[in-house]
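Sequence lines, in order, name chains S and E. Be aware that the first sequence starts at 36, since it is given in this note's numbering, and climbs by one per residue. Be aware that the second sequence starts at 132, since it is given in this note's numbering, and climbs by one per residue.
Hints may be right or wrong, so weigh each one.
As the list claims (entries may be wrong) - Straight-line Cα separation of at most 30 Å, DSBU-like style, residue types lysine-lysine; simulated pairs: (1) E/K235 / S/K92; (2) E/K173 / S/K49; (3) S/K92 / E/K210; (4) S/K44 / E/K238; (5) E/K210 / E/K176; (6) E/K210 / E/K242; (7) E/K176 / S/K79; (8) E/K176 / S/K44; (9) E/K238 / S/K49; (10) S/K49 / E/K210; (11) E/K242 / S/K92; (12) S/K49 / S/K79; (13) E/K133 / S/K92; (14) E/K238 / E/K173; (15) E/K242 / S/K49; (16) S/K44 / S/K79; (17) S/K49 / E/K133.
These aren't lab readings, by the way, just hints derived from the structure by calculation. None of the values given here were measured: they were computed from a predicted structure.
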Amino acid sequence: NAGVTQTPKFRILKIGQSMTLQCTQDMNHNYMYWYRQDPGMGLKLIYYSVGAGITDKGEVPNGYNVSRSTTEDFPLRLELAAPSQTSVYFCASSYFPNGGLNQPQHFGDGTRLSIL
Amino acid sequence: RKEVEQDPGPFNVPEGATVAFNCTYSNSASQSFFWYRQDCRKEPKLLMSVYSSGNEDGRFTAQLNRASQYISLLIRDSKLSDSATYLCVVGSYGGSQGNLIFGKGTKLSVKP
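Can you build the whole structure from these sequences, using the hints too?
Here it is in structure tokens:
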């Protein structure tokens, strides 16, 4: 059981570079999420998706873009990297059935990103 | 009022102690509740779901009080390995925080 897989695990970028953080899940979950977590701080939601083709902004979407072309994949794109985007990025997925209750999230291992 | 609030701690306790964490939530329509633990520089991991009647998993007991809108986590006979940050999670219905809202966490440090 792979669960939620994130790549890469570590990356150093220069200011102004762009990159895509990959996230894939094999649990057929309809919901997927991207969070960032700065040192000593809580999780902040960047974007989430309730299903293929649908994405919504979280608390801190500026500087990021996402797409959800398949149920399995939810990549996060940084277009113009800035030092303020240095953080640990977590992808997660969960199942939220229609008319049912939220199920718990499953997290990937995280991507540690430094912008210099 | 924040949607999900937790005492940030840290809670410093000796091995063998009993420790309790509380979490309050603002949306009275919330229906799903969870406790996660997060070790330093690791991803959050589900510790237990919280059910209306309360539930227990070994040394861990979770309670839900809908009238007062809080959930609690009790850890008995603390172990060194329980040292972590404990995150309260409450189900919601979308918006800028998504459908599952995380508290900022309570840090627990268990000392020998």
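Hint check results:
1. Taking the CA atoms of E/K235 and S/K92, the gap is near 20 Å; set against the 30 Å cutoff, the hint holds.
2. A distance of roughly 25 Å separates the Cα atoms of E/K173 and S/K49; the hinted pair therefore holds under the 30 Å criterion.
3. Between S/K92 and E/K210 the alpha-carbon distance is near 40 Å, which puts this suggested pair outside the 30 Å criterion.
4. Restraint check for S/K44 and E/K238: the C-alpha separation of about 25 Å stays at or below 30 Å, so the hint holds.
5. Proximity of E/K210 to E/K176 is assessed by CA-CA distance (about 18 Å); at most 30 Å being required, the pair is judged to hold.
6. Between E/K210 and E/K242 the CA atoms are separated by roughly 8 Å; this keeps the pair inside 30 Å, and the hint holds.
7. Under the criterion of a C-alpha separation no larger than 30 Å, the hint pairing E/K176 with S/K79 is consistent with the structure, at around 16 Å.
8. For a cut-off of 30 Å, the pair hint linking E/K176 to S/K44 stands: about 18 Å separates their Cα positions.
9. Only pairs whose Cα atoms come within 30 Å are accepted, and E/K238 paired with S/K49 is rejected, the gap being roughly 33 Å.
10. Using a Cα cut-off of 30 Å, the hinted pair S/K49 and E/K210 is violated, with the two alpha carbons roughly 43 Å apart.
11. At roughly 41 Å between alpha-carbon atoms, E/K242 and S/K92 are farther apart than 30 Å, so this suggested pair is violated.
12. Restraint check: the Cα-Cα separation between S/K49 and S/K79 comes to about 23 Å, which is no more than 30 Å; the hinted pair holds.
13. Taken as a hint, the E/K133 and S/K92 pair is honoured in the structure, with Cα atoms around 19 Å apart against an allowance of 30 Å.
14. For the hint pairing E/K238 with E/K173, the CA-to-CA distance comes to about 14 Å; that is within 30 Å, so the pair holds.
15. Distance check on the hinted pair: E/K242 and S/K49 sit about 41 Å apart at the alpha-carbon level, beyond 30 Å; violated.
16. With a C-alpha separation of about 19 Å, the suggested pair S/K44 and S/K79 falls inside the 30 Å cut-off, and the hint holds.
17. Taking the CA atoms of S/K49 and E/K133, the gap is near 36 Å; set against the 30 Å cutoff, the hint is violated.
Against the hints set out earlier in the document, violations occur for numbers 3, 9, 10, 11, 15, 17.
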